[in-house]
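Enquirer: What follows is each chain in one-letter form.
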Amino acid sequence: ETGVTQTPRHLVMGMTNKKSLKCEQHLGHNAMYWYKQSAKKPLELMFVYSLEERVENNSVPSRFSPECPNSSHLFLHLHTLQPEDSALYLCASSRYRENTEAFFGQGTRLTVV
Amino acid sequence: GDSVTQMEGPVTLSEEAFLTINCTYTATGYPSLFWYVQYPGEGLQLLLKATKADDKGSNKGFEATYRKETTSFHLEKGSVQVSDSAVYFCALSDPRDNNDMRFGAGTRLTVKP
Chain A
1 ETGVTQTPRH LVMGMTNKKS LKCEQHLGHN AMYWYKQSAK KPLELMFVYS
51 LEERVENNSV PSRFSPECPN SSHLFLHLHT LQPEDSALYL CASSRYRENT
101 EAFFGQGTRL TVV
Chain B
114 GDSVTQMEGP VTLSEEAFLT INCTYTATGY PSLFWYVQYP GEGLQLLLKA
164 TKADDKGSNK GFEATYRKET TSFHLEKGSV QVSDSAVYFC ALSDPRDNND
214 MRFGAGTRLT VKP
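Going down the list, the sequences are from chains A and B. Count the first sequence with our numbering and you get residues 1 to 113, in order. Count the second sequence with our numbering and you get residues 114 to 226, in order.
Possibly wrong hints are sitting among the right ones.
To be verified - Take a look, some chain B residues computed to stay more than 10 Å from chain A by CB distance:
hint	residue
1	132
2	162
3	166
4	175
Claimed, not checked - Some but not every residue of chain B turned toward chain A, in silico, with C-beta under 7 Å:
hint	residue
5	145
6	155
7	156
8	157
9	161
10	206
11	208
12	218
Quick caveat, the hints were computed from the structure, so don't treat them as lab data. Note that CB positions come from ideal geometry on N, CA and C, so glycine has one too.
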């Protein structure tokens with residue numbers, strides 16, 4: 001238990017569906033992150049939020065839409081995904097711009113069919 | 114930009130063998146260095162960290178020393194167990210790079226009885 005909780009753990013969706021991934025932390029952190037982990041590829045940073053404002057978007061396709069309503073919650077809204085978007089999506093949190101580690105959730109295993 | 118390079122796997126060892134996973138980094142500032150471990154079906158967990166040159170991080174029998182002169186942070190364990198089978202990620206956090214966490218590609222370790 002790292003203090004970062006992701007739901008659901010597993011998700012299967014069709015290419016025309018709309019779904020959302022949820023992440024929640026109660027560690028008092030002020031930054032939250034979405035990462036994508038695909039087979040045989042390095043961990044990819046998708047979005048960074050600090051104090052509920054997006055500070056980094058690493059050229060992620062618009063079919064991924066993040067939302068950070070407060071410092072404890074982070075969502076990733078998904079629509080019209082492609083099969084190549086199937087991956088493990090990891091959420092993390094930290095204290096922004098401090099030289100400390102990030103804490104990760106257990107991830108959501110997404111399969112797009 | 115900052116980056117982390119770690120040895121490619123997979124690595125397969127017998128129980129009680131000595132483990133080394135190499136990690137080198139490139140950074141503009143003075144980063145903190147981390148090793149994370151990912152067990153099957155789980156998110157990333159912090160294994161150990163070092164925040165300045167010559168620091169040694171240690172946990173669960175694993176060690177890594179922050180070597181500024183060789184820009185390295187190699188992970189070692191004297192006697193591995195089957196339960197150490199996982200994917201290991203080297204990472205850095207650089208204050209001059211907004212402290213965004215940069216990860217290596219990961220090294221899969223399998224320990225056989």
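Enquirer: So, for every hint listed, does it hold in this structure?
Expert: Cross-check of the supplied hints:
| no. | hint | verdict |
| --- | --- | --- |
| 1 | 132 | holds (21 Å) |
| 2 | 162 | violated (6 Å) |
| 3 | 166 | holds (13 Å) |
| 4 | 175 | holds (15 Å) |
| 5 | 145 | holds (5 Å) |
| 6 | 155 | holds (6 Å) |
| 7 | 156 | holds (4 Å) |
| 8 | 157 | holds (4 Å) |
| 9 | 161 | violated (10 Å) |
| 10 | 206 | holds (6 Å) |
| 11 | 208 | holds (6 Å) |
| 12 | 218 | holds (4 Å) |
The structure does not agree with the numbered hints 2 and 9 stated previously, though it agrees with the rest.
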